[in-house]
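Chemist: Hey, can you work out the whole structure from these sequences and the hints?
2 protein chains.
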Amino acid sequence: MKNKKLIIAQAIVTNNQNDEILRDKAVLVENGFISKIIDQKEITSYPDYEKHDFGNHVLIPGFVQTHIHLCQTLFRGLADDLELLDWLQLRIFPFENAHNAKSLRFSAQLGIHELQTSGTTTLLDMGTVNHQEVIFDELIRSKMRAIAGKCMMDYNDLYPSFKKSTREELDYTVSLAEEFHDINGKIRYGFAPRFVLSCSEELLIETKQIMKDFPGSIYHTHSSENKSEVEEVRKRFGKENIEYFNSIGVLDDHTVLAHCIHVNDSEMKTMKKQNSRVSHCPSSNLKLGSGIANIPKYLSEGINVSLGADGAPCNNNLSVFNEMRLAALIQKPIHGPTSMDAKTVFKLATIEGARALHLENEIGSIKVGKKADIVLLNLEKANQSVLSNDENIYSDIVYSASKENVSSVFIQGDQVVVNGKSLIYDEGEIISNSKAELKKLMERAV
Amino acid sequence: MKNKKLIIAQAIVTNNQNDEILRDKAVLVENGFISKIIDQKEITSYPDYEKHDFGNHVLIPGFVQTHIHLCQTLFRGLADDLELLDWLQLRIFPFENAHNAKSLRFSAQLGIHELQTSGTTTLLDMGTVNHQEVIFDELIRSKMRAIAGKCMMDYNDLYPSFKKSTREELDYTVSLAEEFHDINGKIRYGFAPRFVLSCSEELLIETKQIMKDFPGSIYHTHSSENKSEVEEVRKRFGKENIEYFNSIGVLDDHTVLAHCIHVNDSEMKTMKKQNSRVSHCPSSNLKLGSGIANIPKYLSEGINVSLGADGAPCNNNLSVFNEMRLAALIQKPIHGPTSMDAKTVFKLATIEGARALHLENEIGSIKVGKKADIVLLNLEKANQSVLSNDENIYSDIVYSASKENVSSVFIQGDQVVVNGKSLIYDEGEIISNSKAELKKLMERAV
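So the protein lines, in turn, are chains Z and W.
For what it's worth, the numbering used here labels the leading residue of the first sequence as 50, then goes sequentially.
For what it's worth, the numbering used here labels the leading residue of the second sequence as 50, then goes sequentially.
It is worth saying that the hints were derived from the structure and are not from the lab.
Please note: incorrect hints may appear among the correct ones.
Identical chains blur together in the list; that is why a pair holds if it fits in one copy or across any two.
Cross-link-like lysine-lysine pairs, in silico, DSSO-like; alpha carbons within 27 Å at most [unchecked claim]:
| no. | residue 1 | residue 2 |
| --- | --- | --- |
| 1 | Lys488 | Lys74 |
| 2 | Lys489 | Lys430 |
| 3 | Lys288 | Lys213 |
| 4 | Lys430 | Lys151 |
| 5 | Lys452 | Lys284 |
| 6 | Lys484 | Lys452 |
| 7 | Lys430 | Lys452 |
| 8 | Lys430 | Lys484 |
| 9 | Lys488 | Lys392 |
| 10 | Lys416 | Lys53 |
| 11 | Lys392 | Lys484 |
| 12 | Lys452 | Lys392 |
| 13 | Lys452 | Lys470 |
| 14 | Lys100 | Lys85 |
| 15 | Lys430 | Lys488 |
| 16 | Lys100 | Lys470 |
| 17 | Lys213 | Lys257 |
| 18 | Lys90 | Lys484 |
| 19 | Lys276 | Lys346 |
| 20 | Lys74 | Lys484 |
| 21 | Lys321 | Lys53 |
| 22 | Lys74 | Lys318 |
| 23 | Lys430 | Lys470 |
| 24 | Lys257 | Lys484 |
| 25 | Lys416 | Lys276 |
| 26 | Lys74 | Lys53 |
Modeler: Pasting the structure below:
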């Protein structure tokens with residue numbers, strides 16, 4: 050019975066190619082997969098299914114975020130209104146460096162709790178330098194779908210003690226990938242050299258080569274986020290950031306580049322040619338004053354774009370609803386009010402995120418045979434359209450909804466959120482544990 | 050007993066000039082006024098006060114929004130991803146014109162419900178052309194603090210049947226002002242000629258003269274929102290929008306101008322000289338592709354700026370939390386990450402909003418003698434800073450919080466929201482009434 054679920058919804062946003070919105074249907078789930086979509090009047094023919102009745106809710110595919118730093122969740126509110134270099138040097142690097150296994154665990158719990166309760170079911174995470182096994186442990190425990198990996202740094206001008214040798218980074222990374230890649234059908238390894246300026250060329254290249262032993266793994270890094278960053282790259286290598294990555298052979302269709310704000314036309318062509326992917330992080334890009342990535346142009350070039358909340362200290366929220374709303378709104382003064390319409394943005398947060406991670410055949414839409422990563426939204430609230438219909442269902446989700454509309458969340462058929470509350474974590478417990486550990490961490494970081 | 054309340058909070062953001070944050074205190078409220086702030090250990094000395102214990106909450110002054118269209122709340126989700134002129138001509142004007150008293154009532158209820166449950170206790174509302182008495186009725190019934198008035202239009206090229214004659218507009222306005230201005234100590238009249246292009250010069254000027262009979266009333270209009278709007282003003286009058294307003298004598302310290310995006314330096318000087326006020330509506334300005342107002346410059350010139358969510362169809366949310374977060378974020382790529390810090394933005398949404406409406410001596414901060422417009426925020430949630438302290442309390446509110454953190458709301462000492470739920474309205478009832486009326490309205494609007 051536990052492996053057979055019947056989920057009833059008022060509307061189903063299939064998110065398949067024809068964008069069908071189904072009414073009066075129910076989704077059957079078996080062993081974590083969507084096995085059938087039936088008419089609600091046929092429900093009585095499935096008496097041995099565990100019934101979940103969301104008769105006035107909207108059923109959508111779970112959200113996918115492609116750039117998250119779970120290790121930073123603990124540091125929310127400790128690095129506001131700062132320049133990027135100060136942000137890294139004075140706060141983020143010292144704090145990340147001061148993590149022990151215990152503090153990192155609560156940081157991951159805080160982040161996963163927030164992500165799941167706001168409807169994110171898959172994430173691409175950039176870990177930190179040490180204790181990455183703890184993050185995998187929490188991802189597994191929380192039933193999350195994730196591509197994750199330790200952050201690799203063998204250079205660090207800003208905070209020299211926070212790095213490892215090239216060899217240490219590569220060896221630790223390989224041992225983690227061997228242990229966690231494909232461990233439970235939901236976790237894959239995401240190789241994560243932090244960014245050009247914190248990695249040797251050897252590290253960047255060798256990491257790409259190691260990936261061949263781990264099919265389905267992702268190369269996850271930051272690129273072209275900040276003007277001084279791209280200037281420094283230009284100074285060191287005589288090339289633009291994306292061009293440099295291309296020249297050393299690390300760009301391909303398994304590479305996800307976070308930010309991609311300061312990118313010229315020729316670099317865009319390179320990205321298109323190599324089929325590399327953009328993770329767009331609008332809140333973070335605004336808050337750190339980095340700029341606004343030209344997403345309409347990436348999309349018109351046919352480059353894959355997905356969304357990420359980045360880390361809590363540069364956002365300061367992990368809800369995908371903030372990222373969707375901003376992804377739509379910030380382009381409109383530049384590209385006009387009809388650009389980045391709600392449906393386009395919804396897709397970036399779902400199927401395009403899946404595509405970025407090569408999971409588009411497994412998740413990202415509601416289709417028989419796909420894994421049952423499902424979110425139920427209660428849009429019968431006073432902050433939503435009065436008459437929800439097929440035309441405004443996307444704008445309700447993108448422009449009006451927030452975490453408060455997330456009712457239930459299923460990952461591979463397992464329910465992880467009910468009535469907006471986590472079934473995995475006790476919120477109060479996470480908060481009190483986090484308080485205790487953050488206090489100790491801040492003493493270590495001094 | 051009902052008129053004597055004792056409100057206990059973990060922290061009090063006083064928002065007074067010295068920005069003091071009080072710990073271990075309680076606020077005494079008598080007959081709607083803050084009568085005393087005491088140490089929590091003195092609580093037992095006040096046994097005849099109704100005790101409200103928010104021991105782990107943050108107490109802040111109620112939010113003030115200075116540009117709202119309650120009449121449009123019903124139309125959320127019906128006008129998305131459109132050009133401004135299409136937005137007005139195809140949707141907003143036909144819909145507003147189709148309002149009857151009943152549909153307008155539910156539109157106001159929906160809006161007030163959303164505003165109060167997200168912590169807004171004072172608003173400046175632009176009504177619609179007909180049935181304005183219904184909006185006043187709901188404002189009074191909901192215990193809201195508001196400056197409101199019927200929208201005036203004696204010109205309408207886009208939708209000619211939606212307007213009245215100059216005389217009708219002025220007479221109806223005067224009769225409303227006579228009835229509702231200062232009716233219950235919380236309501237004042239806000240004279241609301243819609244914008245230059247929908248008003249005759251006679252209407253604009255005479256309205257300003259009428260105001261003299263209603264001390265404390267506000268002149269509330271739109272200005273310089275859209276490029277085609279300012280071009281059309283230039284064509285008709287040979288002047289910039291603000292210059293035109295100044296030339297006919299309608300700018301003074303009781304004038305609140307919504308948007309003010311396309312404003313040149315000389316117009317800013319005029320605004321400064323006349324002490325007129327800007328209502329900044331970031332969500333709306335982005336969603337309609339209007340642009341980004343230069344708020345840091347207004348602030349450095351010493352011009353009063355406050356925030357507004359505008360109407361639900363161009364946002365699509367009325368929560369002040371969205372406006373605060375955006376007001377901070379959108380300036381940072383232009384003016385740097387340290388611009389528009391969280392404390393500055395919090396003030397725009399509170400005391401500066403009060404100042405815009407000449408209510409700064411009555412509300413906007415937590416001070417003995419002020420009216421008890423008070424919001425309690427539960428920031429002990431997993432989407433907030435782990436260690437909330439005096440340094441990050443503003444960033445928690447501006448960058449991380451949302452409606453879900455609003456626990457209780459008091460207006461002039463009366464509780465209108467408890468545990469995030471309205472004590473005034475039944476949400477389900479508003480929604481079902483609204484559905485029925487919107488269906489009928491849309492038939493009328495065809």
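Chemist: With reference to the structure, classify each hint as holding or not holding.
Modeler: Going down the list of hints, with the structure as the test:
1. Lys488 to Lys74: Between copies only: 24 Å across, 50 Å inside.
2. Lys489 to Lys430: For Lys489 and Lys430, the Cα distance is within 27 Å only across copies (20 Å; inside one copy 42 Å).
3. Lys288 to Lys213: Intra 26 Å, inter 64 Å, cutoff 27 Å: intra-copy only.
4. Lys430 to Lys151: between (39 Å within a copy, 20 Å between copies)
5. Lys452 to Lys284: neither (43 Å within a copy, 46 Å between copies)
6. Lys484 to Lys452: For Lys484 and Lys452, the Cα distance is within 27 Å both inside one copy (23 Å) and across copies (24 Å).
7. Lys430 to Lys452: both (12 Å within a copy, 13 Å between copies)
8. Lys430 to Lys484: Result: close only across copies, 12 Å inter versus 33 Å intra.
9. Lys488 to Lys392: For Lys488 and Lys392, only the inter-copy Cα distance (24 Å) is at most 27 Å; the intra-copy one is 43 Å.
10. Lys416 to Lys53: within (16 Å within a copy, 59 Å between copies)
11. Lys392 to Lys484: between (39 Å within a copy, 24 Å between copies)
12. Lys452 to Lys392: both (19 Å within a copy, 25 Å between copies)
13. Lys452 to Lys470: both (11 Å within a copy, 16 Å between copies)
14. Lys100 to Lys85: within (14 Å within a copy, 55 Å between copies)
15. Lys430 to Lys488: Cα proximity of Lys430 and Lys488: across copies only (17 Å, versus 39 Å in one copy).
16. Lys100 to Lys470: within (19 Å within a copy, 29 Å between copies)
17. Lys213 to Lys257: Within one copy, since 18 Å is at most 27 Å while 70 Å is not.
18. Lys90 to Lys484: between (50 Å within a copy, 26 Å between copies)
19. Lys276 to Lys346: both (19 Å within a copy, 23 Å between copies)
20. Lys74 to Lys484: Cα proximity of Lys74 and Lys484: across copies only (23 Å, versus 45 Å in one copy).
21. Lys321 to Lys53: neither (42 Å within a copy, 67 Å between copies)
22. Lys74 to Lys318: Result: close neither inside a copy nor across copies, 43 Å intra and 61 Å inter.
23. Lys430 to Lys470: both (18 Å within a copy, 12 Å between copies)
24. Lys257 to Lys484: neither (38 Å within a copy, 56 Å between copies)
25. Lys416 to Lys276: neither (42 Å within a copy, 45 Å between copies)
26. Lys74 to Lys53: within (17 Å within a copy, 54 Å between copies)
Checked against the numbered hints given earlier, this structure breaks hints 5, 21, 22, 24, 25; the rest are met.
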